[in-house]
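Based on the provided sequences and hints, a complete structural model is requested.
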Amino acid sequence: MSAHDPEGSAPPDAPLDAAPDAEVGAASNTLTLAHGHSLVVEGGLERNRLQLVDPSGAAHLEISIGPEGIRLEVRGAGLSLATTGALAIEADSVSLHGKNGISLTTEGDARVEAAGRLETVGRSQLIRSARGNVRIQANDDVEVTGERVRLGS
44 MSAHDPEGSA
54 PPDAPLDAAP
64 DAEVGAASNT
74 LTLAHGHSLV
84 VEGGLERNRL
94 QLVDPSGAAH
104 LEISIGPEGI
114 RLEVRGAGLS
124 LATTGALAIE
134 ADSVSLHGKN
144 GISLTTEGDA
154 RVEAAGRLET
164 VGRSQLIRSA
174 RGNVRIQAND
184 DVEVTGERVR
194 LGS
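With the first letter of the sequence shown counted as 1, position 30 gets the number 73 in this note's numbering; the numbers rise by one all the way through.
Hints listed in this document are in silico derivations from the structure and should not be mistaken for laboratory results.
Some hints could be false.
Here are the simulated distance ranges between beta carbons [unchecked claim]:
| hint | residue 1 | residue 2 | range |
| --- | --- | --- | --- |
| 1 | Leu130 | Gly100 | 29 to 35 Å |
| 2 | Val164 | Arg191 | 17 to 23 Å |
| 3 | Glu89 | Leu130 | 29 to 35 Å |
| 4 | Ala102 | Ala173 | 42 to 48 Å |
| 5 | Val117 | Ala181 | 40 to 46 Å |
| 6 | Ala173 | Leu104 | 38 to 44 Å |
| 7 | Asp152 | Leu88 | 46 to 52 Å |
| 8 | Asp152 | Gly100 | 42 to 48 Å |
Cβ coordinates follow ideal geometry from the N, Cα and C atoms, glycine included.
Below, the structure is given as structure tokens:
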């Protein structure tokens, strides 16, 4: 909502209202949506921001454009991405964290490859082949270290 549009019902192509902001030349416009949600668009010479805000004022979707580039943030109880085509994620680094677990599944083959060292760490580990052999292959030594090493037991 704005001084020129108290109901937040201006059409999407309406000009942004000149609301004072920390940035000189910044403008803001709010569109009221269903169930108390709103779409807030803020614009200025250095930064632009689009937010999808819930009734409490928390932003669950934010797209900002600034000197560092475009940034997308999504917050909420759940997030689902679905596509009938391929999904590719590329970044300088990728970090995934599941507080209660992570599950990766496929109906086809899977491959994990690293140009550098690959390490798996866990309280305990199980390598299981539901059907077929388990092969260990190295172009150098194979070391097995443990309190006891049992073969064929």
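Distance restraint evaluation - Leu130, Gly100, Cβ atoms, bounds 29 to 35 Å: Given a distance of about 32 Å, which is inside 29 to 35 Å, the answer is holds.
Verdict for Asp152, Leu88 (Cβ pair) under range 46 to 52 Å: At roughly 51 Å between Cβ atoms, Leu88 and Asp152 fall inside 46 to 52 Å, so the hint holds.
Distance restraint hint 38 to 44 Å, applied to the beta-carbon atoms of Ala173 and Leu104: Given range 38 to 44 Å: holds, Cβ gap about 41 Å.
42 to 48 Å as the expected CB spacing between Gly100 and Asp152, which holds or is violated: 47 Å, holds
Beta-carbon spacing of Ala102 to Ala173 - inside the hinted bounds 42 to 48 Å or not: Given range 42 to 48 Å: holds, Cβ gap about 45 Å.
Whether the CB-CB distance between Glu89 and Leu130 falls inside 29 to 35 Å: Holds: the Cβ-Cβ distance is about 33 Å, inside 29 to 35 Å.
Range hint 17 to 23 Å (beta carbons of Val164 and Arg191) holds or violated: Holds, at about 21 Å.
Hint check for Ala181 and Val117 - Cβ pair distance inside 40 to 46 Å: 42 Å, holds
Violated hints are absent here; each numbered hint is respected by the structure.
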